[in-house]
Amino acid sequence: MKFEAKNISINRGARRIIQSVNFALNNGDALIVTGENGSGKSTLLRALAGFLPFAEGSLFFDLPEEGKDDPLIIREHIHYLGHQNGMKPALSVRENLEFWQGYSTASNSDEGLDGMSLIEALDFVELPHVLELPYGYLSTGMKRRVSIAKLLITEKPIWIVDEPTAGLDAKSSAMFTDLCKDHCANGGILIAATHLPLGIDGAKKLEVEQLYTFHGGGDLFDEPESGS
Amino acid sequence: MRALLKRELNLALRAGSGALTGLLFFLAVITIFPFGIGPDLNALSRLAPAILWVGALLASLLGLERLFSQEREDGSLDLLVMQDHPLALSIFIKCLAHWLVTGLPLVLAVPLFGIMLNLSPIGIGAVMVTLLVGTPAITFIGAVGAAVTVSLPRGGLLIAILVLPLVIPVLIFGVSATNGALFDPDPFTSPFLILCALSLFTMVLGPLAASMMLRHSVE
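Residue numbers (my numbering), protein chains in the order written: chain A, 289 to 516; chain B, 124 to 342.
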């Protein structure tokens, strides 16, 4: 499996946010994206997950069994964990997780792509007791842990996580780091944007630079000098 | 897809989902009309199909705002867009669930509300049938409006303004089919078939248009 970005640039409106990013990831690689607030980490991750078009450059992805490089296809193999958790507060944890499990594996069910059971996944995030509680009753950190459990119940080779440890305590962060290590050890690819070090050994690093300063009254639409 | 339908219905039946708001609004509209028109029972029964249709139309527009904006707020929309299912199909299911919990109760309430408007049994049957085939069109056209306004914090009124001109044909053919069943010289079959056609047409085009808008909105 290979996940490769060649010379990617991304625009938001008329503004260039990401300029010429390159990386190549193989089985078991982790990429940590760092940068200041507002430097475009989330934008880069959303573009890699297929939500945003690239202004320039392209993404190559090939799975051993199916060689395809169409972003519409790549998207199926990605777990995206953004700032929001994507869970309904009115439904119980079980209903939320069952929905995402059923919804995201429905078309692949014959291939046996499914991950762990809900109970196993919740055990992993140390929340086995909340299964029947409405999601809205949980604290911020617990909500985050439940949405981390969502990564486990369906198996996808690429994880794109944006500030995954936001709201987690030290113990849970360490737990998440272990999960990421497991994921990489099993041949998965991890792309994480974070301020705090995740503590994954041998992770590649990508520093996103802020292309514009939002003070000083300079011309915001000046084309920046390209560099990678 | 069955998982999505189940989740939508579950969500709608939970407290605070507002599935009943449409029905209560419908009740309020129907209740005040007899007071406004006065004691003329003939006038009331002549206007009843139109009143029921307008009431049902406005009630169906009420809940549309929540269709996608809630998904966007909690981040589910990103994940719905990401899956390998065709997005239009997911939207179709969402609209179907939405219609089942907001449109269908309106249809089922017509016998009760029809009596309040002095509508004959044939008239009640006609309104029920026309609403049954007509309200899906309102939901599916409304889904496009909901998708356009998904990123706006108070999109509800804007949806109504965007959608109303488009649902006027549904209203015209719905009421004229009902009148066709009630009053002799008017035809019933042709406006009724056009109404069916409108529903089928929007069931295909609505989710497609909404999926394009939603793909833009997650950028």
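Derived from the structure by calculation, the hints contain no laboratory data.
Owing to the predicted nature of the structure, the values given are computational and were not obtained by experimental measurement.
Beta carbons: idealized from backbone N, C-alpha and C, even for Gly.
Any given hint could be a false lead.
[As the list claims (entries may be wrong)] Computed footprint of chain A on chain B, listed as stretches where at least three residues anywhere in the stretch have a Cβ under 8 Å from a Cβ of chain A: (1) 130-136; (2) 223-229.
[Said to hold, decoys possible] Facing chain B, from chain A, some residues (calculated, C-beta under 10 Å): (3) A337; (4) Q372; (5) E383; (6) A491; (7) K492.
[What the hints assert, rightly or not] Some, not all, of what chain A presents toward chain B, calculated at C-beta under 7 Å: (8) K294; (9) F311; (10) F342; (11) A343; (12) G345; (13) F348; (14) I362; (15) R363; (16) E364; (17) A378; (18) G390.
| message | If you test the structure against every hint from before, which numbers come out violated? | response | Structure breaks hints 2, 6, 7, 8, 9, 10, 11, 12, 13, 14.
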